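Novice: Sequence:
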Amino acid sequence: MRRLQPGRIVRQDDGSLLAPDFGDTYASRAGALAQSRAVFLAGCDLPQRLSGRSHTVLETGFGTGLNALTLAQLQAGASGAATACHIHYVGIEARPLLRDDLVAALAPYEEFAAWRDALLASWPPPMQGFYRIVLSQRFTVTLVFDEVLAALQALECRADSVFLDGFAPDRNPAMWRPEVLAEVVAHCQPGARLASWCVAGEVRRALAAAGCTVERKPGFAAKRERLEAVAPARFEAESDRPHALSRSRAEPLPDRALVIGAGIAGASAAAALAARGIAVTVVDTAGPASGASGNPVGVVRPEPSGLDHPISALTAMGTVCLRPWLAAPCGAVRLPRDDKHARRLREHADACPPEWMRWVSADEAATLTGQVVAGDGVWIAHSWSVNPPELVAKMLATPGVTLLQGAVRQLTPEPSPEHAWRVTLSDGSSSVWPLVVVANAFGVGGHLRLPTRQVRGQLSWTDAQSDQGLNAIVCREGYVTPAVNGRHIIGATFQRDDADLAPRDADDATNQWRLGRLLPAWSGRSLTTARVSVRAATPDRLPLVGELAPGVFASLGHGSRGLTCAPLCAELIASWVCGEPLPLSRDLVHRLDPLRFGEIEVHAKLGGGSDD
Numbered sequence: 017m018r019r020l021q022p023g024r025i026v027r028q029d030d031g032s033l034l035a036p037d038f039g040d041t042y043a044s045r046a047g048a049l050a051q052s053r054a055v056f057l058a059g060c061d062l063p064q065r066l067s068g069r070s071h072t073v074l075e076t077g078f079g080t081g082l083n084a085l086t087l088a089q090l091q092a093g094a095s096g097a098a099t100a101c102h103i104h105y106v107g108i109e110a111r112p113l114l115r116d117d118l119v120a121a122l123a124p125y126e127e128f129a130a131w132r133d134a135l136l137a138s139w140p141p142p143m144q145g146f147y148r149i150v151l152s153q154r155f156t157v158t159l160v161f162d163e164v165l166a167a168l169q170a171l172e173c174r175a176d177s178v179f180l181d182g183f184a185p186d187r188n189p190a191m192w193r194p195e196v197l198a199e200v201v202a203h204c205q206p207g208a209r210l211a212s213w214c215v216a217g218e219v220r221r222a223l224a225a226a227g228c229t230v231e232r233k234p235g236f237a238a239k240r241e242r243l244e245a246v247a248p249a250r251f252e253a254e255s256d257r258p259h260a261l262s263r264s265r266a267e268p269l270p271d272r273a274l275v276i277g278a279g280i281a282g283a284s285a286a287a288a289l290a291a292r293g294i295a296v297t298v299v300d301t302a303g304p305a306s307g308a309s310g311n312p313v314g315v316v317r318p319e320p321s322g323l324d325h326p327i328s329a330l331t332a333m334g335t336v337c338l339r340p341w342l343a344a345p346c347g348a349v350r351l352p353r354d355d356k357h358a359r360r361l362r363e364h365a366d367a368c369p370p371e372w373m374r375w376v377s378a379d380e381a382a383t384l385t386g387q388v389v390a391g392d393g394v395w396i397a398h399s400w401s402v403n404p405p406e407l408v409a410k411m412l413a414t415p416g417v418t419l420l421q422g423a424v425r426q427l428t429p430e431p432s433p434e435h436a437w438r439v440t441l442s443d444g445s446s447s448v449w450p451l452v453v454v455a456n457a458f459g460v461g462g463h464l465r466l467p468t469r470q471v472r473g474q475l476s477w478t479d480a481q482s483d484q485g486l487n488a489i490v491c492r493e494g495y496v497t498p499a500v501n502g503r504h505i506i507g508a509t510f511q512r513d514d515a516d517l518a519p520r521d522a523d524d525a526t527n528q529w530r531l532g533r534l535l536p537a538w539s540g541r542s543l544t545t546a547r548v549s550v551r552a553a554t555p556d557r558l559p560l561v562g563e564l565a566p567g568v569f570a571s572l573g574h575g576s577r578g579l580t581c582a583p584l585c586a587e588l589i590a591s592w593v594c595g596e597p598l599p600l601s602r603d604l605v606h607r608l609d610p611l612r613f614g615e616i617e618v619h620a621k622l623g624g625g626s627d628d
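Residues in the sequence shown are numbered consecutively from 17, following the numbering used here.
Keep in mind the hints are simulated off the structure, nothing from the lab.
As the structure is a computational prediction, the values presented were derived from the model and not from experiment.
By construction, the Cβ of each residue, glycine as well, lies at the ideal position given by its N, Cα and C atoms.
One or more of the hints may lead you astray.
Listed next, with one range per pair, are the computed distances between beta-carbon atoms [what the hints assert, rightly or not]:
| id | residue 1 | residue 2 | range |
| --- | --- | --- | --- |
| 1 | R438 | R520 | 33 to 43 Å |
| 2 | F613 | A123 | 26 to 36 Å |
| 3 | R250 | G47 | 20 to 30 Å |
| 4 | P467 | A378 | 33 to 43 Å |
| 5 | G422 | R353 | 40 to 50 Å |
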């Protein structure tokens, strides 16, 4: 990840928005909405082409998001087959606006209030990455913040419609280079429609060279012409297109799915699949949030592990994806372990937008948290103290999700239908499923010989005191949270290859020592064991997410970051299954591959084990 230079806007006397860095406007002075409808929607024959279960729209310049919002409004008012069609909008932007500037740009458009407010509520900082935002039940946005060519090369997407938008070729030539347009076409479905206000000869020639049929049509307002194009009906060779990671939308969508495990990984997978119309049954031995997801408090925050570290990217994008499920953030101060770690943290913070992370002095940290902290650190504004069982319950309440208590004892492939799996429970009952998601770390997941390790963690609590209020999370080796139900939670210990759930006085003592390293004035407080749980961790600290075998997916090994990352990983699985644009870069998808440590045979006859 890297910090991007944000776009700048200046509102002109005629109401248009000028981008002073490019000397161009964000839309036609004749009317942004009218241009969006006449050039892009009509140019791609929308809503007439909205049919089937989904339609993917790719836009090369997100800008203020007006094309996306106009499309969302159009889809909401559509009739017939279009009413059942889920739109997946992918917007690429190299110079994303700051949130306050986007608020100002979209303020006049009250007709888009519901979609606009959902977009603004989850608007990410100007940091390179993929950001998944749900605007409505049938409209999903994936923002890709990066230079356009790099974004396209990282993107897994097959577009049905393309909006070629951006500043004019003489103002922003990088947007219209032949290699960019060839990459756009390579991301199209056969016969996809492309539209643009730009009819420059080099653009038309580049599209034609990529195999498109290109036409000039009567233009909008003062522009004499606009462009419409149709992608090739077939691609001559697979090498002409990036290798597809997700399944083709031509494949039938599974009508049912079984999710094994009712912790945060399983609950978020169930919610993501059910949101796409798949009937989901969640099976768990002990019920919802019975394992590590049953802790009374959990922390959601980006991890400053270094800008090039995949954990930094995954946790940053995970917080944006999870935002609609959460209340207002409380923020967190991350203290360094030592001088070397302090240099790394400061380097990371200084490279981030200040509204995302910034280095603060101990005095400023005390002002932000309400307590004297042990030193300078990183202020992470987008951080939450979360009740995991409540979050799991919300996700399992998604329409289309059914909960079943039971222990899975056997998972075997069926000869027919192809890629179906027979799941046998401990009571001897069995059923066949077209899709299975394994999301229990130590039940089925523990018998697949995946390289996960058991990590024991003990939480402690101390009573809140009226004269020592804490407004934000403070963390170092462990963390302390603001008071929840009159108690601050401190934790968690970290003991590898240890599954003992019995509380230990020594661990409370360790947490007491950690508390003093966070808040010196609290070092003498007495602590009581709050809860012990066991997490699953991997050798590289990244979860195991993706396809284990045709019809079987995994969401395992989230370690201490399950709350932050599991919902985004659930979106990855659901998008993969349904042939949608993926919410992560191709590189990060490969880094999460559950088979990255070696192939396994998914044919398990199981003993006991928790399903969480």
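Novice: Hint by hint, note whether the structure agrees.
Specialist: So, going through the hints one by one against the coordinates:
1. R438 with R520: 33 to 43 Å: holds, 42 Å
2. F613 with A123: 26 to 36 Å: violated, 50 Å
3. R250 with G47: 20 to 30 Å: violated, 38 Å
4. P467 with A378: 33 to 43 Å: holds, 40 Å
5. G422 with R353: 40 to 50 Å: holds, 43 Å
Comparing the model with each numbered hint stated earlier shows that hints 2, 3 do not hold.
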